[in-house]
Amino acid sequence: MAPSVDYYCPCLAASPHPPPPHLPSSSDSFHPLHNLFFCEECDAVRCNRCVMVEVSGYYCPNCLFEVPSASVRAEKNRCARNCFLCPNCRNTLSVVPSDPPNDGYDRMSPIVSTSLGEPPFFLYCNHCRWDSAQVDITFEKPTGLAAQLQKFEDSAPEALEFDRLKEHFEPFLRASSSSSAVTPSSSHHHSNPITAAASSALARDIPGVSKYNPLSRSRSGRDKSSHKADIPDYKARMEVGAAAGMGAGGGEADLEFMRHLETVAEVATVEQRWVNSWVSSLHTDDLKPLRIPLQSKKSKRCPSCRHILIKPEQKAQSVRYKIKLVAANYLPAISVSLPHARAALETMKRSLNRSAAQSEDQSPAAAALLAGKTYSFHISFTNPLYDPIQVRLKKAQAMPAPGTEGAGEKAKRPPFQVNLPSAAFPIAAFAEAWEYEDDEDMFGLDDDDDLDGLGRLQKDQRSKTRTVGVVEKRANVTVVAGEVILTKESRGNVKFNMLVSYTYRSDDPDPAEENAMGTPSRHASSKPPEMKNFSFYTVVDLGTIAPREETIHDTDM
Amino acid sequence: MDAPVYYSRAEYIETDTGNKVSRRATIAGPQNIILGGKTVIASGAIIRGDLRRTGPGHAVVISLGRYCLIGEGCVMRPPYKTYRGNFNYYPMKIGDHVHVGSGSIVEAATIGNHVEIGKNCIIGKFTIIKDCAKIADNTVIPPNTVVPALALFAGSPGRFVEDLPESTQEMVEAHTKGFYTRFQPATTER
Ligand SMILES: [Zn+2]
Ligand SMILES: [Zn+2]
Ligand SMILES: [Zn+2]
Ligand SMILES: [Zn+2]
Chain A
1 MAPSVDYYCP
11 CLAASPHPPP
21 PHLPSSSDSF
31 HPLHNLFFCE
41 ECDAVRCNRC
51 VMVEVSGYYC
61 PNCLFEVPSA
71 SVRAEKNRCA
81 RNCFLCPNCR
91 NTLSVVPSDP
101 PNDGYDRMSP
111 IVSTSLGEPP
121 FFLYCNHCRW
131 DSAQVDITFE
141 KPTGLAAQLQ
151 KFEDSAPEAL
161 EFDRLKEHFE
171 PFLRASSSSS
181 AVTPSSSHHH
191 SNPITAAASS
201 ALARDIPGVS
211 KYNPLSRSRS
221 GRDKSSHKAD
231 IPDYKARMEV
241 GAAAGMGAGG
251 GEADLEFMRH
261 LETVAEVATV
271 EQRWVNSWVS
281 SLHTDDLKPL
291 RIPLQSKKSK
301 RCPSCRHILI
311 KPEQKAQSVR
321 YKIKLVAANY
331 LPAISVSLPH
341 ARAALETMKR
351 SLNRSAAQSE
361 DQSPAAAALL
371 AGKTYSFHIS
381 FTNPLYDPIQ
391 VRLKKAQAMP
401 APGTEGAGEK
411 AKRPPFQVNL
421 PSAAFPIAAF
431 AEAWEYEDDE
441 DMFGLDDDDD
451 LDGLGRLQKD
461 QRSKTRTVGV
471 VEKRANVTVV
481 AGEVILTKES
491 RGNVKFNMLV
501 SYTYRSDDPD
511 PAEENAMGTP
521 SRHASSKPPE
531 MKNFSFYTVV
541 DLGTIAPREE
551 TIHDTDM
Chain B
1 MDAPVYYSRA
11 EYIETDTGNK
21 VSRRATIAGP
31 QNIILGGKTV
41 IASGAIIRGD
51 LRRTGPGHAV
61 VISLGRYCLI
71 GEGCVMRPPY
81 KTYRGNFNYY
91 PMKIGDHVHV
101 GSGSIVEAAT
111 IGNHVEIGKN
121 CIIGKFTIIK
131 DCAKIADNTV
141 IPPNTVVPAL
151 ALFAGSPGRF
161 VEDLPESTQE
171 MVEAHTKGFY
181 TRFQPATTER
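So the protein lines, in turn, are chains A and B.
Numbered by UniProt numbering, the letters in the first sequence go through residues 1 to 557 in order.
Numbered by UniProt numbering, the letters in the second sequence go through residues 1 to 190 in order.
Hint data in this document are derived by calculation from the structure and do not stem from the laboratory.
Don't take each hint at face value.
Said to hold, decoys possible - Keeping only pairs whose Cα atoms sit at most 35 Å apart, straight-line, the calculated DSBU-like set for lysine-lysine is: (1) A/395 to A/315; (2) A/315 to B/93; (3) A/311 to B/93; (4) A/311 to B/81.
To be verified - Computed from the model, here is a short list of chain B residues facing chain A with C-beta under 8 Å: (5) 132; (6) 138; (7) 142; (8) 159; (9) 167.
Source: prediction; values computed, not measured.
Think of the CB as a built atom: it goes at the ideal place given N, C-alpha and C, for glycine as much as any other residue.
Could you build the full structure based on these sequences and the hints that come with them?
See below:
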């Protein structure tokens with residue numbers, strides 16, 4: 001695997017320091033730069049785990065129709081046009097007429113829209129060849145199918161039960177939304193009278209479900225208990241347990257069915273039955289076509305100050321954003337590489353006379369990391385800001401965890417040593433020009449220069465004089481070298497946390513500009529410069545140390 | 001920074017607009033194919049510009065935008081259907097910054113901008129892939145599928161896996177431009 005750098009979001013932790021990288025759980029706290037957001041108000045990185053998500057629009061992923069939120073509920077979050085999923089393989093179904101196919105191949109090909117269709121029509125899967133005639137669903141007209149299917153859905157016992165539940169809770173829902181001015185964000189709130197009532201109903205009807213206790217999760221639950229008394233008991237349409245016997249087999253019937261199985265395919269897989277809200281038949285031939293669930297476009301807010309970080313354009317298939325505060329516009333992009341691995345790869349490619357676009361993911365044995373050796377690695381920083389920055393690196397000390405675990409973790413610390421450049425180094429400002437210039441110039445490197453560079457490095461490695469410091473500066477990119485010393489006992493991944501601090505010129509963002517551009521800090525301003533500092537943690541993964549025996553084996557081949 | 005990807009200068013023809021087409025690729029009906037510029041057609045790829053709609057006159061069968069890559073051994077074939085008893089081919093339109101991994105077969109009707117298709121995929125007839133979508137390696141997209149913008153599809157049949165990050169467009173653009181820059185003639189042949 002290629003070396004990688006991920007960025008830390010401290011959202012889940014109490015301490016500002018990241019967890020030790022060798023803990024498997026630490027990967028939850030590190031993210032690729034392009035998945036992160038940046039809140040200017042808080043001057044902090046945010047990730048998909050901590051941002052608040054709001055739906056800004058619904059659409060059908062198949063017909064791409066934008067569904068107004070008003071009808072989303074009535075249509076039960078599914079497309080009400082002619083979009084269906086195959087219950088067998090989840091491919092999109094086509095509507096086909098039952099007139100005899102012109103040639104045997106026609107059903108496979110999309111002749112669906114032919115106008116000489118003859119009723120009855122049915123739904124057909126061009127992937128697994130399932131069709132709805134198998135389950136006795138056919139249509140007189142090829143239009144309005146969703147409405148016809150929804151009629152079935154709505155008369156299903158689970159749907160009726162749900163409607164009854166809704167009816168039962170409607171008054172409380174209305175009361176609670178009018179009494180406490182509920183903001184959209186309060187859906188995060190775990191305790192409101194509705195959850196409390198639902199929970200008490202559940203606890204009564206389903207054995208083993210304990211009563212939901214809001215007090216254990218939220219302090220604000222206390223005053224709500226007064227509401228709970230107002231809710232009368234809910235009477236189910238059908239007794240619990242009776243549902244299992246309803247056409248869904250269960251018990252004896254299922255046993256009988258299983259006894260006479262001829263192929264496994266007769267039993268619907270868990271995945272195929274999973275989406276049903278109630279007990280469903282085990283039989284594959286009872287599977288019904290599914291209306292396609294809607295998808296949504298989402299806005300994202302900072303969890304602490306609630307400023308909007310992401311706001312998509314209204315149009316469902318637009319990939320543009322009205323507001324897009326992504327970390328990549330604020331923090332330098334960091335990538336890491338192992339020069340020795342790259343050199344080995346080059347040699348391999350040339351010697352095998354590999355053709356150009358061949359895969360780059362095979363790595364030769366010479367590219368491996370061996371225990372007991374010392375390797376140089378290159379870290380490249382790309383500055384996204386319109387002003388130059390000064391960067392300083394520090395390897396994070398393995399933080400002894402507060403508590404007893406600390407000592408044990410420390411003992412297991414990966415046995416390698418990392419040397420990073422200690423001095424601060426500059427990265428030039430990003431300039432729009434670099435993007436628009438011809439790409440050849442952007443990279444500014446001729447092949448010959450590149451080869452010289454490689455040669456010099458190889459020499460360095462041979463003569464054992466390794467450099468730790470700035471290797472290269474071009475455009476808004478600075479490359480620095482560090483080294484890693486592996487002990488003989490080294491095993492596992494060479495992974496360490498690195499603290500990156502940078503100073504930048506800050507201009508107080510003009511709020512008007514903020515909305516217009518989304519990336520205010522990118523704007524050079526005429527105000528007197530004020531230097532600011534920002535630090536963030538990363539985890540650098542240089543790759544896995546090759547076990548010795550295996551390496552010998554590899555070179556033999 | 002990723003290493004250069006070298007190719008043999010003798011193998012590739014470079015056009016005025018910077019397209020690089022392997023001599024080992026099969027370009028059928030080149031007069032019906034449009035390449036937007038800085039697009040690479042790797043060796044072994046087959047592009048069927050010859051499968052055109054019946055009827056007189058000139059017709060664009062396959063159009064590719066800028067900074068595209070048709071990987072090694074890919075087959076790009078326009079979709080066809082029989083409509084009102086007439087068999088016909090329909091044009092295939094592909095936007096800018098679209099990479100198709102090696103060994104994939106594409107019969108899509110429309111592919112938007114900034115789309116990544118992995119290796120060994122089958123993109124069925126009349127598929128519509130919207131902007132910034134991604135198809136994972138080894139995915140089979142059945143005919144007539146619609147892949148919405150910023151969606152990752154994988155599996156057989158290809159299904160929605162997750163939403164892609166908001167910065168997908170920038171990332172894909174940097175990747176396709178970077179690839180074109182790194183795609184250089186081998187120095188030994190200079
Ligand atoms: Zn977070
Ligand atoms: Zn739909
Ligand atoms: Zn199917
Ligand atoms: Zn904030």
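- Query: So which hints don't hold here, by number, going up?
  - Reply: 1, 4, 6
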